[in-house]
Amino acid sequence: MTETRAEVMLGTLDLMVLKLLEAGPVHGWGLAQLLETASDGTFCVNQGSIYPALQRLKAKGLVRSRWGVSENGRRARYYELTRPGLKELGKEVANWVRTSSAVNRVLAFDGGEV
Amino acid sequence: MAGRWLLVLVERARALLTPGRFDSELDEEIRYHIAEATERNLRRGLSPGEARRVALRDFGGVERVKDDVRSATGIRLLHDLVQDLSYALRTFRRNPGFASVAVMTIGVCIAANAAVFSVVHSVLLQPLPFPEPDRLVSIFNSYPGAANPRSYNSAPDLNDRREAVSGLEDVALYTASTYSVGDQDGSRRVSALLVTPSFFPVLRAAPALGRGFAPASEAGEVVITHALWQSSFDGSTSVIGTTMHLDGEPFTIVGVLPDSFRFAEGDAQLYIPLTFTARERSDAARHRDWYHMIGRLAPGSTAESVGDEIDALNRARLATYPAALRNEITEAGFHTIVQPYLSDLTRSVRTPLMLLWMGVMLVLAIGAANVAGLLLVRAQSRNAEVALRLSLGAAQSRVIRQLATEGALLGVMGCVVGLFAAAWSLRFLGAFDIYGIPRLQDATVGPLVVLLSVGMAVLLGAVAGASPAVSLVRSGGGSFFDRIRGNGRSSSLQQILVAGQIALAFVLVISTGLLVTSLRKLNAVDPGFDTVGVAVAVVSLPESGYPDEATRLSVTRNILESVAGLPMVREVAVADRLPFSGGNRVPVMPADDGLASGEAAGVPLQTVVSPGYFEALSISPLSGRGFRDSDDQTTARVAVIDEVLARRYWPEQDAVGQQLWRGQPGEARDPDKAITVVGVVESVRHSSLREEEEIGAFYVPLAQVPLGYFRLILRHDATSPAIWPAVRDRMAALDPGLGVSSTTTLEEMVAASLVLQRTPTQLLSIVSLLGLFLGAIGVYGVMAYGVTLRRREIAVRVAIGSTKRQIALLFGRECFTVVGAGLVIGLLGTLASSRLIASLLYDTELLNPATLAAALIAIGTAAAAACYFPLRRALRVDPASVLKSE
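Those sequence lines, one after another, are chains R and G.
The numbering of the first sequence is the numbering used here, which starts it at 1 and goes up by one.
The numbering of the second sequence is the numbering used here, which starts it at 1 and goes up by one.
Where hints are given, some of them may not hold.
Unchecked claim - Derived pair list, reagent style DSSO-like, types lysine-lysine, alpha-carbon separation capped at 30 Å:
1. G:K66 / R:K60
2. R:K91 / R:K60
3. R:K91 / R:K19
4. R:K19 / R:K87
5. R:K87 / R:K60
6. R:K60 / R:K19
7. G:K673 / G:K804
8. G:K66 / R:K19
9. G:K66 / R:K87
It is worth saying that the hints were derived from the structure and are not from the lab.
A quick note: this is a predicted structure, and the numbers were derived from the prediction, not measured.
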């Protein structure tokens, strides 16, 4: 069962990363903080797992990276959405909304009359 | 969209090509992350050490993350491969003995396979170097009823088949010959092919320079090969139209063949038009089958359909024959056979080559089992390592992949060794000089062979490496400690490997044994003459000095007399041919019309000999006399016949004094040409020790048919090769233009006739020794390891009172069962492959007891030796020390 849950987590992590990148280029550390803030600390994923997610998105061509200088003057790798990435985000969000509302309806189902 | 994939591609390529840069960038990124996180924690009031610790905890396993990132890029596999390879190399370095045995085993197997496959490819598989080679057919007449299932073709056949057979686009006749090229001083014999003008069009080959033969080409034209053009004319383009002298006659060079031109039969350097007189083309010349025929099928027709068409034509022709001849030809079962040219060309070498190929594949299988056994043994000794890796969470597939990589690496290393060895060994094919095997010299380790060998080696190594790993991982059901101790669960796999090796080795050894038995029987066949101490050479009288029969005869007699005076020479003779060197067959029949109606004339081999011939070859006289110098053109025609012909024509009476005619029944006869039989000699083998057919021999005296080109035969005391310089001196004293060439011995000529039996037998002997050796090593390795694994069991048995005898029996029985099972499987395998080998055997039963016993003893001894040493170690197990150490 652990494996199945991890898979779900992986998928959603990729989606969340895509969403967080929509606002503009950001580095890995920044993403980790954004994720923590945006989810009110709900997700206690290892911060490190952001990097494989970024690499997966990059391998699909949804994200690209370049080296830049961070707010406090350090060299950092910035990630940003590509045009296909933006399109993919729209699709995935719609998909997620549909799936999650369906799951919610099932969970709210109280037996009813058949 | 294209941009996106380009981006992805560039990213992957970068990661693949510069893994170092990829890793260092990832390092830097992660360092940045940890640094920022640490700073944040410091700001939150944690101590510096605590701040970094928490940062690392929140990040979660730096190495793990790196691994995940790498696998997300898709370079993970490559990374693993590099890691596995360097790990494998490290292990090999730690244990060089194991690695070199495995590499050498694979190397030897690959070398044998690559070399034999190169030959098979070159000789059997490579298409002929002509356009649409599949449409070339070989055509020949067959007279099975007259014990001549494979005859040749006559000149009238050519016209018939060119004009009346629609399934043939074109046909040509050809026959081999030799000419001396150059003037008296530098003259040498060069092989030539006499060809009808249609020969090059049939092949669809044309000279690169000049032209081929016009349909009406007459004698006196010659087309030369590229090689001869280069060696004798320095590749000069002005050679066309110039004259070269062949046997002293002028020939005009009309064409030079391209460098790529190779006719598969023989090594002709000269192509000369084969022309026929009106008489040779007439119906009277039918069944004078002297010529090879090659044809090109018309589109859509097949060899069978053309064969049917020619046979229909044959029947129509037969109806017009005189009755006696018609009966004779019909009785002989006359028909014409059409076969694809390449398979006909290679008919006699295919089976030996396939057998050899099968042999090396068996060796490969034994080698594979051997390497699998080695890896299995080693894998078990690495049980602890594998168990540790599995316990630490390594994926099973990952462990198997690592072991397979090791095996494949061994395979590749062995393959490199093997391919070099194969290429090296093929260089010695030239030394073999096995004539009769077309295109053998062209065999090289080509791209196909390399590809096949690499594939085989990698597969062999990977399977051999991974199969023990699979059993190892599967057997990992028990606890970590169980696995570490090693529970010998793969012993059944080991037993299968051992039995398999024994079976394969048995097939090899018994096949070789059968061939050796057959060869020994062939060597023991009495050829009817004494081959020991007979030296032979070719003498070609210069055309210019000896233009007519009288001068030729007198110089031949002078040579005989002068050479006979040499002290070591006991007998000297000349002949136009020798046993085992081909010859002409001529129809002869008794003059008294002793043939029953419809009976065919005998077609014995004719040999023109000088008076000393029978003595020189020690052919025993049976009655009458041999030839004398006085049997010349001024006296009556005489002949000596062999007992086969004598028995056939005069079974009841003495053949001496009887008369013979040349020719077929029903032909017109000239009373002046009657030949008187003056002697009968024992029959000899004419062309092969194998031959069963009694074709008869017909000898005529040299003085009645003087020769310009003949064999000089010397029976001598000393076996010293120095005999030829003395002979040359004597001949040069007679005429500086005289000399001998192609010196050999009768023994060598007879031995050469067995080359297609002997060479495969020798090679297969080497192959099966190799197989036996590898098999024994494999059996030894597995058995020895089995004993090591069961030392504790033995120790316990000894401790509770088992005697040495009981231990020996326990292991002995196991060895016996496994080896016995292998022998039974091997015997079945031999029976299954018996069809291939039976056709190669002479007078040898497939299951002859002597060979079977010898093979059983060979395998039994090897297996016993392989089991003996491990058994001895088992008996020496000291229970106290073993049990203490466990």
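Does the structure break any of the earlier hints, and which numbers would those be? 7
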